[in-house]
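A.B. asks: Please work from the sequences and hints to get the whole structure.
Number of protein chains: 2
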Amino acid sequence: MSDYTPLNKVGEFGLIRMIKEKITLQQESTIKGIGDDAAVLEPKQKQLVVSSDMLLEGVHFDLTFCPLKHLGYKAVAVNVSDIAAMNATPTQITVNIAVGARFTVEAVEELYEGIKLACDNYKVDLVGGDTTSSNSGLIISITAIGETTSEQVVYRSGAKVNDLVCVTGDLGAAYMGLQILEREKQAFIANPDMQPELDDKQYIVGRQLRPEARMDVIYDLRERGIKPTAMIDISDGLASELFHICSQSKVGAVVYKDNLPADSQMLETAVEFNIDPLTCIMNGGEDYELLFTVPLAAYDELKNHPDITIIGSITEESEGVNLATKSGQVFPLKAQGWSHF
Amino acid sequence: MSDYTPLNKVGEFGLIRMIKEKITLQQESTIKGIGDDAAVLEPKQKQLVVSSDMLLEGVHFDLTFCPLKHLGYKAVAVNVSDIAAMNATPTQITVNIAVGARFTVEAVEELYEGIKLACDNYKVDLVGGDTTSSNSGLIISITAIGETTSEQVVYRSGAKVNDLVCVTGDLGAAYMGLQILEREKQAFIANPDMQPELDDKQYIVGRQLRPEARMDVIYDLRERGIKPTAMIDISDGLASELFHICSQSKVGAVVYKDNLPADSQMLETAVEFNIDPLTCIMNGGEDYELLFTVPLAAYDELKNHPDITIIGSITEESEGVNLATKSGQVFPLKAQGWSHF
Numbered sequence: 001m002s003d004y005t006p007l008n009k010v011g012e013f014g015l016i017r018m019i020k021e022k023i024t025l026q027q028e029s030t031i032k033g034i035g036d037d038a039a040v041l042e043p044k045q046k047q048l049v050v051s052s053d054m055l056l057e058g059v060h061f062d063l064t065f066c067p068l069k070h071l072g073y074k075a076v077a078v079n080v081s082d083i084a085a086m087n088a089t090p091t092q093i094t095v096n097i098a099v100g101a102r103f104t105v106e107a108v109e110e111l112y113e114g115i116k117l118a119c120d121n122y123k124v125d126l127v128g129g130d131t132t133s134s135n136s137g138l139i140i141s142i143t144a145i146g147e148t149t150s151e152q153v154v155y156r157s158g159a160k161v162n163d164l165v166c167v168t169g170d171l172g173a174a175y176m177g178l179q180i181l182e183r184e185k186q187a188f189i190a191n192p193d194m195q196p197e198l199d200d201k202q203y204i205v206g207r208q209l210r211p212e213a214r215m216d217v218i219y220d221l222r223e224r225g226i227k228p229t230a231m232i233d234i235s236d237g238l239a240s241e242l243f244h245i246c247s248q249s250k251v252g253a254v255v256y257k258d259n260l261p262a263d264s265q266m267l268e269t270a271v272e273f274n275i276d277p278l279t280c281i282m283n284g285g286e287d288y289e290l291l292f293t294v295p296l297a298a299y300d301e302l303k304n305h306p307d308i309t310i311i312g313s314i315t316e317e318s319e320g321v322n323l324a325t326k327s328g329q330v331f332p333l334k335a336q337g338w339s340h341f
Numbered sequence: 001m002s003d004y005t006p007l008n009k010v011g012e013f014g015l016i017r018m019i020k021e022k023i024t025l026q027q028e029s030t031i032k033g034i035g036d037d038a039a040v041l042e043p044k045q046k047q048l049v050v051s052s053d054m055l056l057e058g059v060h061f062d063l064t065f066c067p068l069k070h071l072g073y074k075a076v077a078v079n080v081s082d083i084a085a086m087n088a089t090p091t092q093i094t095v096n097i098a099v100g101a102r103f104t105v106e107a108v109e110e111l112y113e114g115i116k117l118a119c120d121n122y123k124v125d126l127v128g129g130d131t132t133s134s135n136s137g138l139i140i141s142i143t144a145i146g147e148t149t150s151e152q153v154v155y156r157s158g159a160k161v162n163d164l165v166c167v168t169g170d171l172g173a174a175y176m177g178l179q180i181l182e183r184e185k186q187a188f189i190a191n192p193d194m195q196p197e198l199d200d201k202q203y204i205v206g207r208q209l210r211p212e213a214r215m216d217v218i219y220d221l222r223e224r225g226i227k228p229t230a231m232i233d234i235s236d237g238l239a240s241e242l243f244h245i246c247s248q249s250k251v252g253a254v255v256y257k258d259n260l261p262a263d264s265q266m267l268e269t270a271v272e273f274n275i276d277p278l279t280c281i282m283n284g285g286e287d288y289e290l291l292f293t294v295p296l297a298a299y300d301e302l303k304n305h306p307d308i309t310i311i312g313s314i315t316e317e318s319e320g321v322n323l324a325t326k327s328g329q330v331f332p333l334k335a336q337g338w339s340h341f
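So the protein sequences, as listed, match chains A and B. My numbering numbers the first residue of the first sequence as 1 and each following residue consecutively. My numbering numbers the first residue of the second sequence as 1 and each following residue consecutively.
Do not rely on the hints blindly, as some may be mistaken.
Note that the list lumps identical chains together, so a pair holds whenever it fits in one copy or between two copies.
[Unchecked claim] In silico lysine-lysine, DSSO-like type, Cα no more than 30 Å apart, as pairs:
1) K20 to K9
2) K250 to K9
3) K185 to K116
4) K69 to K326
Calculated directly from the structure, the hints in this document are not laboratory data.
C.D. replies: So, in structure tokens, the structure goes:
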């Protein structure tokens, strides 16, 4: 341990200085970042969106298999994902962290390297936050701010009957990635000399450890002049998010089982684990893809889009939220969100 | 325990609904509060200030003597205090909480009652946040947003030589209140039948449990047309905050020991505990009063102000940061901030 620096060597102010030195501000709307009682922003005539999330060790992540750099990246990405779901452009974040005494300066630096990488990637400025000690594990609480306009902003409540239901990317992989990591952890506990077998699970493990906010799709839709009528990011699972859109838009929906996008590695691994792949897709969660609705007129533009899949359509509220199979069977869906309690 | 509702009975969405129902939005700039992926704000031509703080059970508060309603109030107040220190008007907050399984729905309601009381008092809208479970204690992470303009905003860096150094209220009481609460806790552990003796300690205990952000002084100074040249809120202690102003403004300062505002209950209790009252005043922290500098011309307006005390003046940087006694002795001050690690 002699190569590592205990946190009390640098103290809170030392830590803040260390973090501040790594930061370059790039948003025009950031007037003042870290270093005063508050950050100062100047959004001009824009509307702002604000979202906040907290990640706790032992609840949302496990440091035995989650590298700190990935964790820092993910903590930013999941907040940017909420900004994306409003059809806004992320601009600033504040980061509060609490770390236990066992943490070293080097560990905090690694965490902030991931945070910085995500900030650079999504072009957000880290403008403030708080570092404190924790009696238990690592805690990260992030608030993300984004810019939009009253014309551009997209709520969950705007879906209309006959709209297309679309998702980005593929679903269920983050959940199966977690199952793999948990299995390898148990194997390691049983036999610490064993090497983890992850070679053919890279994709799904990566989906769990280092998800991306789909800003690429947001920018692409803007370029195509397509504005979603309703949108939400998939953190709790497709079924739960579809229920949010339907209840807030006062509509029903039907999604087609055969249209649901899934990666082959996820499908194989689900079979390996004896888990119904449909359960992973509908209720897995943590994929941080976008679920959105668009007017029927966007069909031609989106039908062959490499990152977007049309999975169904919006129906009258009275018809409920349903899953349809190729053979014509229709099953009412249940919202089965991630229960934290 | 049969009168209490376990949290898993209502779940995360039930809890969010419960919190949302209690909220009334009052800020014109709040377009959308809780209920989507992010809140939506429209600050028009204003500048925004953003500040974020995290409070952890066992580090920042002790639930054995801190009522949940007070804690909720305090969590908001300390964030609003940062907004005040920018000479801004608080407008919105987001609240992330993590609660352990031992928490009941009623306990969360009590916490939110305090949060709501503070929101009403400071006229801020609760617009978002996250509720999750914690493996250890209660965690509250709040981000506060406020409005200001480029003409109105006050940084730590604007103090000029010959400016007056002022503080609001009195100092050191929150620290002595904590000593009292710790003493009574130990007495209770030793003999659970004992009643706490707090009758003659109401003021200092209240200063610890339920501090106020000094928005009253901010509004009063605006009415008088006095704009501070530099400002900071006193969370870590007067000495530490004065060092922040001096280093960022590149000036020195002298404060006069006999001018430092102290409450008689704090002074008596310090003597009782054999603690130097000057240490409480200079390094106690958690009073959440404001430390600010104003041009010398404001002297007549402020000299008899009931909530403001002129404690010294700004000097050349080369003179350092000093404490002067009546007899003319001068002691260089040390920044002795609150070390969390």
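A.B. asks: Checking an output row: K185 and K116, CA cutoff 30 Å. Within, between, both or neither?
C.D. replies: Result: close within a single copy only, 28 Å intra versus 43 Å inter.
A.B. asks: Is the C-alpha distance from K250 to K9 at most 30 Å within one copy, between copies, in both cases, or in neither?
C.D. replies: Between. Shortest inter-copy distance 26 Å satisfies the 30 Å Cα cut-off; intra-copy 57 Å does not.
A.B. asks: Between the shortest in-copy and the shortest cross-copy C-alpha distance, which are at most 30 Å for K69 and K326: within, between, both, or neither?
C.D. replies: neither (43 Å within a copy, 55 Å between copies)
A.B. asks: What label fits K20 with K9 when the C-alpha limit is 30 Å: within, between, both, or neither?
C.D. replies: Answer is within; shortest intra-copy Cα gap is 18 Å, inter-copy 43 Å.
Hint compliance for this structure: hint 4 is the single one not met.
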